[in-house]
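S.K.: Chains as they are written, first to last, in this note's numbering: chain G, 7 to 312; chain P, 7 to 312; chain U, 7 to 312; chain F, 7 to 312.
Just so you know, these hints were derived from the structure itself, not from any lab.
Hints may be right or wrong, so weigh each one.
It does not matter which identical chain is meant; a pair holds if it fits inside one copy or across any two.
Claimed, not checked - BS3-like, lysine-lysine: derived pairs with alpha carbons at most 27 Å apart:
1) K159 to K44
2) K29 to K112
3) K203 to K29
4) K219 to K8
5) K159 to K29
6) K29 to K44
7) K44 to K8
8) K203 to K219
9) K203 to K44
10) K159 to K203
There are 4 protein chains.
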Amino acid sequence: MKPTSDILADILDEVRPLIGQGKVADYIPALAQVPNDKLGIAVYTNQGDVITAGDAHEGFSIQSISKALSLTLAMNLYQPDELWRRVGKEPSGQAFNSLIQLEMEKGIPRNPFINAGAIVIADLLQSRLSAPRQRLLEFARQLSGEAQLVYDKVVAASEMMHSDRNAAIAYLMRAFGNFDNEVLPVLNNYFHACALKMSCVELAKMFSYLANKGVSVHTGEPVITATQSKQINALLATCGLYDGAGEFAYRVGMPGKSGVGGGIIAIVPGEMTIAVWSPELDPCGNSLAGTRALELLAQRIGRSIF
Amino acid sequence: MKPTSDILADILDEVRPLIGQGKVADYIPALAQVPNDKLGIAVYTNQGDVITAGDAHEGFSIQSISKALSLTLAMNLYQPDELWRRVGKEPSGQAFNSLIQLEMEKGIPRNPFINAGAIVIADLLQSRLSAPRQRLLEFARQLSGEAQLVYDKVVAASEMMHSDRNAAIAYLMRAFGNFDNEVLPVLNNYFHACALKMSCVELAKMFSYLANKGVSVHTGEPVITATQSKQINALLATCGLYDGAGEFAYRVGMPGKSGVGGGIIAIVPGEMTIAVWSPELDPCGNSLAGTRALELLAQRIGRSIF
Amino acid sequence: MKPTSDILADILDEVRPLIGQGKVADYIPALAQVPNDKLGIAVYTNQGDVITAGDAHEGFSIQSISKALSLTLAMNLYQPDELWRRVGKEPSGQAFNSLIQLEMEKGIPRNPFINAGAIVIADLLQSRLSAPRQRLLEFARQLSGEAQLVYDKVVAASEMMHSDRNAAIAYLMRAFGNFDNEVLPVLNNYFHACALKMSCVELAKMFSYLANKGVSVHTGEPVITATQSKQINALLATCGLYDGAGEFAYRVGMPGKSGVGGGIIAIVPGEMTIAVWSPELDPCGNSLAGTRALELLAQRIGRSIF
Amino acid sequence: MKPTSDILADILDEVRPLIGQGKVADYIPALAQVPNDKLGIAVYTNQGDVITAGDAHEGFSIQSISKALSLTLAMNLYQPDELWRRVGKEPSGQAFNSLIQLEMEKGIPRNPFINAGAIVIADLLQSRLSAPRQRLLEFARQLSGEAQLVYDKVVAASEMMHSDRNAAIAYLMRAFGNFDNEVLPVLNNYFHACALKMSCVELAKMFSYLANKGVSVHTGEPVITATQSKQINALLATCGLYDGAGEFAYRVGMPGKSGVGGGIIAIVPGEMTIAVWSPELDPCGNSLAGTRALELLAQRIGRSIF
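Bound-form chain G, shown alone (with noise of 0.2 Å):
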């Protein structure tokens, strides 16, 4: 079966008493103002068609999706065993931001979308990009066809604000010797890329690459090859849910990436992106409604890698 804007509302609407089980985010004060209510979802297809319901229009901060977004950039930068001599591609079995695997592993971190990775991977960019920042930005507006696409700089310095924690595991990895440049201004790119504000609609546009085999639906453009599509879905399905990959590979079976804003990404290899957004977490860090949204989804339309 089809996803249609009907089955995706009527997905809403199921899910939406989920919304008080759970908890915003609130490590920074920009995050923990947005409303708990918001619910979207849209699917867009290999096709270019765009299927909706709820908020799915509304821009909100897409945390660490941009993961995905970084790694993919950075794969188009390095060898793969340039690459991946710096981060593993390993589950962590820890929570997201643990410094204690870091140091049992001398620094390497086990994949690129735990926080050590991604961290990683923005000294990686910042060592073979003049302008890291922005192009990352343009990268995001391309891939998206929106042109109007802009970090959120409250959000950005909020982040800023409360990086102790990531200071730390900068510091540590440089201190085992995997981390270049200074650690600051990377950590001030990481923030920014966390800060990108999408709709679930931009979101979905921007990673049809992934269910495209590299290319992208919007731009009609390779981005990256087959072969580099299938291995970072690969890495999504078993490192892209935090702690809740496994549950997540169990309940929704999908490749997958969700950040602390309350998004989700999942891709069906073949056929079609999908993004969900819904503030209010679980305690793996994952959009509690979001979660269950794609799970009803999957079920609904018949869809699993499995």
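Given chain G, work out where chains P, U and F should sit, using these hints.
M.R.: Below, chains P, U and F without anything else, positioned relative to chain G:
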């Protein structure tokens, strides 16, 4: 493209030079004696075709591959909430027999495919079956269509002689209230399951239900529901390859389960079940040449869940 | 100033209000039944004087205090290098029954006073003594001058019924090659040692050799050398109070050993041996009022090793 | 027996063959250049006598020995409860610069003598002193009676160039709310304290208050109270030698503090302060020949707190 015996033979030729670069499991003498140059592969399609190359008909110790079978049996005996409060669904991010995480997480193993998780499954089977060891053997015989299937008693006894770490795991879980029966009989059953002796062909047939929405291709009978089949595949994809699940997903792109006997099964949902065997292991404990063979097969026949 | 029975009685009066603020050990029923308001103290001087107050003549379960006795016996049976390659001499920095550190440090316990270390000592005694349980009892009888001393069989049996964590510890050490005998008999001996029932007076007499250069004040016989006596005191000072050794040194300033039965022994080298008993424990597992009583005694009589 | 210069010279002769079996600290170039064959010892008695042998008058980088001085200064500025809720009093059971324990224990360092604890102390000094770096230097000059005492600017700068791990520690504590000032200025002060250049004679004089109930033997002025002096000695005995405190207590039997510059101070309460220097370190980071010299001295003069 469909797999043919020529393709499979070509792949085995291509991976054979890897033999000598891995290490045969030697923690028990019975495994250490297996010749390191054994190499076999079998594909069992959902249409019932068997395609093979190399030592595909020779039996070997399936070891941890049995954990997928035991889980299937337990999912038949227990309601989901009964089962999943005893064991988690998340990758461990650690070596397969670590006690550190188990203590930190209060005796609840991360997933059913690490040792601790499989021992909990064995404890669950013990509680609900009058003769769990015999029942598992019959289950394996029925699904593989091989009535002569036996436990390798020498391997099982050798495991039992070297069971201290697994006994420590079981006693620790019992200290946390997550183990209900006597330790030694449960371990003995667990080791017997690991000591099932099967060939690639038999393995591919036995697990065909995972590629066929829960229905055994060989018997035509439902083993589990289609949803349960997806769930097991999801767990295999995120947790099935010890601490190498991410790398396996990245390179091979199929749900799989490995054993230290050098076997790996891999699933192409909706199409086929694959089993490969080469005794030498990589540092994560997965068959070195076997993983490479699956990677090549995925490329040649153009299959991946991603 | 010398300790007098008046000083001791005053101190007990001063600490009595603490009763109700700690928690009687309840991991086995036999310990949980001990009245929480028991309170006693005994001083045994190197001149052979006995000074007491409160319930100093009533027997209680000495629990981990026995670890100092077992170590003394083992130091009589083994050369230093034989002994100290099986167990370390460093504080653990962790709860007394943690497996995490034991796994990280390859089955070598940090010191003889955490459970793992005491279990290794029990394994060593088992290897060199034909009847280790009887031998330890005779050793305790001889040193305390109390021929009627017995193991509390109810406590020992209750410990054995709740031995899962200690069994896990023993099996893990065996997996690392640091345990030579069968697990259960050794644990049984270990639990019997913990179940020695002794009064404060008997304890102070038994350990008088630690205050008297290795010579038992009661028997006048050398138990260990003067150097060994200093070594045991050094280990008690750094490792004798579980994860509260630093606090105890800071407040009391004497080598000591506590047990979850609420007893503590403390040594003033060259002068006296002290034993105190109050069943309620602080969060580290040390007697709450007992520690405070020792702190006050150290202040009143002006004794400290620092 | 009293220490004499002959006894000290004999001891140095006896330990000299150990030179070559340890390893000079090389994590910063400035330390790596120190000749490995330097060897000196000084005893400063509570009567004001100075007894020396070898290179006892040559200055070296005192490194972590400064942590005992900084703690003394902080104990003058803060009430006990203000101080000890920021840092613990327990041995760490881990390498001196580990972040693992710090994260598990929510940013509260185990004791003031591991790096994290000393950095908290530096943060406390920063909060209450207008010029903490100058104040500490004056404190050291006054106590040692050496008005020319200086920070080795080359060492301090070299430390600052290799400060990534310590920056990670400070940022992690700040993330847990246990660090109040800007990270880099505090680290800079901390490194300057480590870079104090002092001889064995100067060190023994500076710390004489720890052997003399808080009163500086050199100046006759109280530095801290007698109780505080005992408390610092207690912390030195349990935590002063990194992860070798138990071994040091077992062999030497005196409270002590070591530095990776190869210096160690040791206290005989009521009698004397000792300082020894030999740059090569054992695997725990303590001076190899220095520890052995103190062990021999303790035997020859028959002193031990145990």
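S.K.: Does each hint hold? Answer for all of them.
M.R.: Status of each hint after checking the structure:
Taking the closest pair of Cα atoms, K159 and K44 come within 27 Å of each other only inside a single copy of the chain (21 Å); across copies the shortest separation is 57 Å, beyond that limit. Proximity of K29 and K112 under a CA criterion of 27 Å is satisfied inter-copy only: 22 Å between copies versus 34 Å inside one chain copy. Proximity of K203 and K29 under a CA criterion of 27 Å is satisfied intra-copy only: 20 Å inside one chain copy versus 50 Å between copies. Taking identical chains as interchangeable, the C-alpha atoms of K219 and K8 lie at most 27 Å apart whether they share a chain (20 Å) or sit on different chains (21 Å).
Taking CA atoms no more than 27 Å apart as the test, K159 paired with K29 passes inside one copy only; the shortest distance there is 24 Å, against 51 Å between copies. Proximity of K29 and K44 under a CA criterion of 27 Å is satisfied intra-copy only: 13 Å inside one chain copy versus 48 Å between copies. For a Cα distance limit of 27 Å, the shortest separation of K44 from K8 inside one copy, 25 Å, qualifies, whereas the shortest one across copies, 47 Å, does not. For the homomeric pair K203 and K219, the shortest alpha-carbon distance inside one copy (26 Å) is at most 27 Å, but the shortest distance between copies (40 Å) is not.
For a Cα distance limit of 27 Å, the shortest separation of K203 from K44 inside one copy, 15 Å, qualifies, whereas the shortest one across copies, 55 Å, does not. With identical chains, the CA atoms of K159 and K203 are at most 27 Å apart within one copy only, with a shortest distance of 10 Å there and 48 Å across copies.
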